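J.: Given next are the chains, with one letter for each unit.
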Amino acid sequence: KNQVEQSPQSLIILEGKNCTLQCNYTVSPFSNLRWYKQDTGRGPVSLTIMTFSENTKSNGRYTATLDADTKQSSLHITASQLSDSASYICVVALVNNNDMRFGAGTRLTVKP
Amino acid sequence: SAVISQKPSRDICQRGTSLTIQCQVDSQVTMMFWYRQQPGQSLTLIATANQGSEATYESGFVIDKFPISRPNLTFSTLTVSNMSPEDSSIYLCSVETGGWTEAFFGQGTRLTVV
Chain P
1 KNQVEQSPQS
11 LIILEGKNCT
21 LQCNYTVSPF
31 SNLRWYKQDT
41 GRGPVSLTIM
51 TFSENTKSNG
61 RYTATLDADT
71 KQSSLHITAS
81 QLSDSASYIC
91 VVALVNNNDM
101 RFGAGTRLTV
111 KP
Chain V
1 SAVISQKPSR
11 DICQRGTSLT
21 IQCQVDSQVT
31 MMFWYRQQPG
41 QSLTLIATAN
51 QGSEATYESG
61 FVIDKFPISR
71 PNLTFSTLTV
81 SNMSPEDSSI
91 YLCSVETGGW
101 TEAFFGQGTR
111 LTVV
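Heads up: the protein sequence lines correspond to chains P and V, in order. Residue 36 in the working numbering is what sits at position 36 of the first sequence, and the numbering runs on without skipping anything. Residue 86 in the working numbering is what sits at position 86 of the second sequence, and the numbering runs on without skipping anything.
Excised from the complex, chain V in its bound form:
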């Protein structure tokens, strides 16, 4: 199994500012994923972050808006840049262990942009 610590759990930010979300895993994992979840909706994948390479972004998400760092096999950050109220959402990180056998999620970061 994997235990994921995600920080902050919530934040209220002014528009135009940036917020960096941290995700710490208690074991080494190859693939880490960042998701966004709008209120009452399911998850949307933002990007896949593999250690040692550039993150791979899904359609509709760009690096300038959501820069990702993956300095080692246990840690990743997602930055939400130049925020607007439309960025208000829950952001979650996730890891896969043992191939397809299991996926674990962080507790999520509830972001409100005012």
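Isolated chain P (complex conformation):
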């Protein structure tokens, strides 16, 4: 069983709408949780990195939340754009940071 579960697996929304992607994890001990955006055919690009003590972090139209008690994180995208179409990957880094566990990703498609 994957220790980092993402939902939904895929999502289609209309341009301008908001959406929220979910990430539940079971791994510990926990150092930080990251959200990456990966365009097709490209390497992942970091969106946010949150430590255990952080509850929310924003990067432009992207806002990530973290509840370390329930081991849940979400990535909220506001006023979606066509360029937001990509895979969004949740990654949990364990204490030594050499060990990272990847979610399977959510494939987001934004349509005009």
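In case anyone wonders, no lab produced these hints; they're calculated from the structure. Treat the hints with care, as some may be off.
Among chain V residues calculated to face chain P with C-beta under 10 angstroms, some are [said to hold, decoys possible]:
#, residue
1, G40
2, I90
3, S94
4, G108
One-sided excerpt, in silico: chain V residues whose CB lies under 7 angstroms from chain P [unchecked claim]:
#, residue
5, L92
6, F105
7, Q107
Everything numeric in this text was worked out from a predicted model, so none of it was measured. Ideal Cβ placement from N, Cα and C applies to all residues, glycine included.
Assemble the complex: chain P is given as a structure, and chain V must be docked to it using the hints.
T.: For chain V alone, kept in the frame of chain P given last:
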């Protein structure tokens, strides 16, 4: 930040041959990571390459199949040896800078074995 140049971007190779992928970073980094990404799936860590020591391989990956070099703090190579069609995948290198503060990825190498 760190800028990573990964080569080649793609290649089509015959089974039984080997391919070496290069990863050049524009700054000195201690840890470099090599990942594999199967189509439509997330990343799987192959190994961690630290300068001056042997690479550390994850379960399911062995040095004979994926030899790694790390001659200095800005460069690393991953070789996919004796390739079979099952090795067709995207291979990515990654670096960590400033502890946990940031991770950067290369553009990836799309390998097709025929």
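J.: Now, for every hint given, state plainly whether the structure supports it.
T.: Here is what the structure says about each hint:
no.	hint	verdict
1	G40	8 angstroms, holds
2	I90	8 angstroms, holds
3	S94	8 angstroms, holds
4	G108	5 angstroms, holds
5	L92	5 angstroms, holds
6	F105	3 angstroms, holds
7	Q107	5 angstroms, holds
Comparing the model with each numbered hint stated earlier shows that all of them hold.
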